[in-house]
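Student: Each chain, written out:
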Amino acid sequence: MRLSAKSLLALFGVGCICGLVGDHAHVATSTTRYLDVGGVPTIWGSPLFFIVTVGVATALIGEIRVRLGPSRPGTLEEGLAGIASVLAIYLLTALLSDESTSTVTAFIACLAILVAVRFRDGRWSLVLGAAAAVIGPIAEIVQHRAGVFEYASNVDGLADVAPWLVPLYFAFGVVASRLGGILATRPSSAEGE
Amino acid sequence: MRLSAKSLLALFGVGCICGLVGDHAHVATSTTRYLDVGGVPTIWGSPLFFIVTVGVATALIGEIRVRLGPSRPGTLEEGLAGIASVLAIYLLTALLSDESTSTVTAFIACLAILVAVRFRDGRWSLVLGAAAAVIGPIAEIVQHRAGVFEYASNVDGLADVAPWLVPLYFAFGVVASRLGGILATRPSSAEGE
Amino acid sequence: MRLSAKSLLALFGVGCICGLVGDHAHVATSTTRYLDVGGVPTIWGSPLFFIVTVGVATALIGEIRVRLGPSRPGTLEEGLAGIASVLAIYLLTALLSDESTSTVTAFIACLAILVAVRFRDGRWSLVLGAAAAVIGPIAEIVQHRAGVFEYASNVDGLADVAPWLVPLYFAFGVVASRLGGILATRPSSAEGE
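Protein chains in written order, with the working numbering: chain G, 1 to 193; chain W, 1001 to 1193; chain Z, 2001 to 2193.
Accuracy of the hints is not assured; some may be wrong.
Each pair of labels, with its calculated beta carbon distance range [claimed, not checked]:
| # | chain 1 | residue 1 | chain 2 | residue 2 | range |
| --- | --- | --- | --- | --- | --- |
| 1 | G | Asn154 | W | Ile1017 | 30 to 40 Å |
| 2 | G | Ala130 | W | Gly1157 | 47 to 57 Å |
| 3 | Z | Ala2152 | G | Asp36 | 40 to 50 Å |
| 4 | W | Asn1154 | G | Asn154 | 50 to 60 Å |
| 5 | W | Asn1154 | Z | Arg2002 | 52 to 62 Å |
| 6 | Z | Val2142 | G | Gly13 | 55 to 65 Å |
| 7 | W | Ala1146 | Z | Gly2147 | 48 to 58 Å |
Keep in mind that the hints were calculated from the coordinates and are not lab data. Each residue gets a CB set at the ideal place from its N, CA and C atoms; glycine is no exception.
Given these sequences and hints, build the entire structure.
Tutor: Below is the structure:
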């Protein structure tokens, strides 16, 4: 199976919007601070490359998921609930950034488990969630070392980035997988041939 | 279909209790402050007219919903979950009132979407949710202009009231609609004739 | 019905881990402070007897539940969601300990209702939840009087312990009951004879 161009574009758009809103929240709450974005234009304080990266990652995970094996069908409403769940968790990391980071990390991990139980789509969605939980924080560590941004001093305990990035990216990977599966199995869709 | 007097009274009572608890939380957290309630008696710092208004609005939305078209059956437990969900969101707006208001508003919007996906009862419940999301904040703006109360200075960005009132009232409207539908379709009920 | 030794051990282990993580969060956020643990070894600031007590209570409630009557079958995933839900609520009481305690208590009560609607397993699980909601806070009051620990001054409104312990222990009792029922009714299990 493969996703149609329209579905890939939808995933890209969803990822861009959630990246924009979530990153703005991190900046607005001083959870993160951009230092040198290399002259790239910013929207609401968030550099374009971050927003685009989240969009591309969302589409990529969705496409990989549907290539790996069949998905169970789902509704767009389920997909909407998945998006709202992950964005809510993302925003919570901003709202709780002043609190005890070990407590927040354990709390976000509990929410990520609830998301995985609700939205997982076979073992592959968990594998992709785990991959996102590894690659996402590493990509942020690399950008931090390159001087692009920094986390507030109380939330930089994982090689200078926030430890709760791990469960946050995991939830993101699981839901992006599920979105791919939902789009690929829609009855009205011309995809999946 | 129409609701029985007993069901209308139940909705009125649920609305009054949630209005009382939620408004008390807003006062206790200094999210809102009453200035001049015109001599009306208050309970837990909340004037009687506010509590009664929420009760009447709950019953009214439930009644309008069941007149607009058939509902899918549901259990009282589902209704209880809907009530707990909206009251929890209401209380979160109090608990988070010191945080970045744009972030809180986006977060409450995510929770409202989750409530709508879980508890919506046909398109009419979404229409009534949207109506509540417009009428509720306007009613608060009018009362603010009349000098009845004020929001804290960091959460008055929507014409002097809180922007997260919009998703909060939306969730309230959707769940009040659902409660009407559940009460109207109960098998043991003499309603619906 | 009775639980196997393996299931009892699993419940004990789950309770120990959640007690350890949750209690550490209470200590890390200064929600509670240990004063005199009588020389008992501590892990992450939490005395061994507390961790073991939560483990024993979890196994005990699960065992009592399955002896009281038949359970509906469930999956380990459902059990995992129950554990994550209760631990998330536990951690929220730590994260929100600086906020208005009446508001937090009402909020935790709403979440406990959502947990009960989702995970209850017959009336007995609610009875056991109610028993935990009474016995748990009393046990904490007794320990407080014995000089073992104290709650922060803003969250000691229930005879010197936190009022939100009541809905928190209720949710714990409901989910521990459900875990017992899930383990007792697993098809692959040799239990239930």
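Student: Can you give the numbers of the hints that this structure goes against, from lowest to highest?
Tutor: 2 and 4
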